[in-house]
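Line order of the protein sequences matches chains A and B. Everything in the first sequence is counted per the working numbering, starting at 488 for the first residue and increasing by one. Everything in the second sequence is counted per the working numbering, starting at 488 for the first residue and increasing by one.
Source of the hints: derived by calculation from the structure; they are not laboratory data. The C-beta atom is built at its ideal place from N, Cα and C for all residues, glycine as well. Some hints could be false.
Claimed, not checked - In the DMTMM-like style, the derived pairs of lysine to aspartate or glutamate whose C-alpha atoms are separated by at most 20 angstroms in a straight line are:
#, chain 1, residue 1, chain 2, residue 2
1, B, 525, B, 595
2, B, 581, B, 515
3, B, 597, A, 663
4, A, 525, A, 663
5, A, 597, B, 625
6, A, 525, A, 573
What the hints assert, rightly or not - Chain B side only, calculated, beta carbon under 10 angstroms to chain A, not exhaustive:
#, residue
7, 530
8, 579
9, 592
10, 603
11, 609
12, 626
13, 630
14, 634
15, 640
16, 669
17, 682
18, 686
To be verified - Far from chain B, some chain A residues (derived; all Cβ distances over 12 angstroms):
#, residue
19, 499
20, 509
21, 533
22, 545
23, 571
24, 575
25, 576
26, 581
27, 587
28, 596
29, 603
30, 623
31, 637
32, 677
Spelled out, the chains give:
2 protein chains.
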Amino acid sequence: MLATPVGTYAALAALMAPYLKPGAILTDVGSVKGQVLKEVGPHVPPGVHFIPGHPVAGTEQSGPEAGFAELFDGRWCILTPPPGMDPAAIETLKLFWQRCGSDVEIMDAKHHDLVLAITSHVPHLIAYNIVGTAADMETVIQSEVIKFSASGFRDFTRIAASDPTMWRDIFLNNREAVLEMLGRFNEDLAALQRAVRWGDGDALFNLFTRTRAIRRSIIAAGQDTPAPNFGRSGTTPGRR
Amino acid sequence: MLATPVGTYAALAALMAPYLKPGAILTDVGSVKGQVLKEVGPHVPPGVHFIPGHPVAGTEQSGPEAGFAELFDGRWCILTPPPGMDPAAIETLKLFWQRCGSDVEIMDAKHHDLVLAITSHVPHLIAYNIVGTAADMETVIQSEVIKFSASGFRDFTRIAASDPTMWRDIFLNNREAVLEMLGRFNEDLAALQRAVRWGDGDALFNLFTRTRAIRRSIIAAGQDTPAPNFGRSGTTPGRR
Chain A
488 MLATPVGTYA ALAALMAPYL KPGAILTDVG SVKGQVLKEV GPHVPPGVHF IPGHPVAGTE
548 QSGPEAGFAE LFDGRWCILT PPPGMDPAAI ETLKLFWQRC GSDVEIMDAK HHDLVLAITS
608 HVPHLIAYNI VGTAADMETV IQSEVIKFSA SGFRDFTRIA ASDPTMWRDI FLNNREAVLE
668 MLGRFNEDLA ALQRAVRWGD GDALFNLFTR TRAIRRSIIA AGQDTPAPNF GRSGTTPGRR
Chain B
488 MLATPVGTYA ALAALMAPYL KPGAILTDVG SVKGQVLKEV GPHVPPGVHF IPGHPVAGTE
548 QSGPEAGFAE LFDGRWCILT PPPGMDPAAI ETLKLFWQRC GSDVEIMDAK HHDLVLAITS
608 HVPHLIAYNI VGTAADMETV IQSEVIKFSA SGFRDFTRIA ASDPTMWRDI FLNNREAVLE
668 MLGRFNEDLA ALQRAVRWGD GDALFNLFTR TRAIRRSIIA AGQDTPAPNF GRSGTTPGRR
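So that you can see chain A by itself, here it is in the shape it has in the complex (with noise of 0.2 angstroms):
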């Protein structure tokens, strides 16, 4: 998962454009497909084919030695090929995620960002701001929030020390989308904030009772394990 300041992928396409044969697939890992697209689409030469890619895998770690060789099994891998891409490229590249170990999806570039804004980039944005409101606490609370973060907030600090650069660069990349999910969010967490100033039970159980249902969908997909504070199988190779 990797994003770039607005205007560097343009700059990059530009650079590579004369190198590109007729026939060749060209794509990317990126986390946000929109701006890609918009920007590298233009230098695309004729004849090549440019099909934005986004594996959905990983962990909060990054670089070549944050790889091992499962990272992909069981775990889709979505492409966003521009309307009109000859099918046969499409497939070629299926083939390729395929044989990595991925799922493959196909949808709308803009459709991608909106989905990874709510399932990726909101959930960070949230992690990253939580660790700032406590990081920020009086030096006494401070040392007390790390001692004590086995209560839920170390699943957060996890997120939270996703790479800098990469994370700042997704947002630069997928403002609106971020910002209208960010939008739902902030209105969802007003009325839970009402109903916990005013002593509404009710309305707190109906909502804590309802988000298992997503969980329980979650496991049932194979995207985590039921065992506690596991995202994955205790036994993978290369992940202890």
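Based on these hints, arrange chain B on the given structure of chain A.
Only chain B this time, still in chain A's reference frame:
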């Protein structure tokens, strides 16, 4: 970690009081300490030592079957004795928790509730909230949220799968501290939202860098492992 509707502690204490022998130590394991002290305190017979306690350990699962022998190993148990408590009684309870594998910390009940609001209660409220926001999405997106949850959302659903009754009661019992911390979180999120809207990459980068220091401190304090996606060693017995 347990909590009960406001008033239940008092009713329970009134029922128990006649059967408590002088010299007995009375304690609990709830997540909120101010309310239990306020409700139970007046019912405790003379000579009985009431010392509220909170083992900061557990997973998103609850009930006897969610227990395992190492649950308290290397985790903290917080005791919140009221002023003037017999030091020998505190020492006895401390020893009990140490023999269960816990480290023990003594603090004021009000301070406990503030620290836990930021390390546990607000993180849970936020996790419940974003999973609720996603659950309210249009059907097509909701199924995609499940499919592509490996990108960050998954970790929030794990937290948001915690027991609804217990968490309703935690928010009802720790209202003031939760609202105080939620206020800080909201202020910070508004600033972050503004940075996204105006493309202030430096503000984003600075926060995202600062949050890594907290993560490193938590790993150094032995409250999490540096292994990606793991809250505990994958080799802990009983946790597969």
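Hint check results:
no.: 1; hint: 525(B) x 595(B); result: holds, 13 angstroms
no.: 2; hint: 581(B) x 515(B); result: holds, 13 angstroms
no.: 3; hint: 597(B) x 663(A); result: violated, 42 angstroms
no.: 4; hint: 525(A) x 663(A); result: holds, 15 angstroms
no.: 5; hint: 597(A) x 625(B); result: holds, 16 angstroms
no.: 6; hint: 525(A) x 573(A); result: holds, 19 angstroms
no.: 7; hint: 530; result: violated, 23 angstroms
no.: 8; hint: 579; result: violated, 23 angstroms
no.: 9; hint: 592; result: holds, 7 angstroms
no.: 10; hint: 603; result: holds, 6 angstroms
no.: 11; hint: 609; result: holds, 7 angstroms
no.: 12; hint: 626; result: violated, 12 angstroms
no.: 13; hint: 630; result: holds, 8 angstroms
no.: 14; hint: 634; result: holds, 6 angstroms
no.: 15; hint: 640; result: holds, 4 angstroms
no.: 16; hint: 669; result: holds, 6 angstroms
no.: 17; hint: 682; result: holds, 8 angstroms
no.: 18; hint: 686; result: holds, 6 angstroms
no.: 19; hint: 499; result: holds, 18 angstroms
no.: 20; hint: 509; result: holds, 34 angstroms
no.: 21; hint: 533; result: holds, 33 angstroms
no.: 22; hint: 545; result: violated, 8 angstroms
no.: 23; hint: 571; result: holds, 23 angstroms
no.: 24; hint: 575; result: holds, 26 angstroms
no.: 25; hint: 576; result: holds, 23 angstroms
no.: 26; hint: 581; result: holds, 16 angstroms
no.: 27; hint: 587; result: holds, 15 angstroms
no.: 28; hint: 596; result: holds, 14 angstroms
no.: 29; hint: 603; result: violated, 6 angstroms
no.: 30; hint: 623; result: violated, 8 angstroms
no.: 31; hint: 637; result: violated, 5 angstroms
no.: 32; hint: 677; result: violated, 9 angstroms
Hint violations for this structure: numbers 3, 7, 8, 12, 22, 29, 30, 31 and 32, all remaining hints satisfied.
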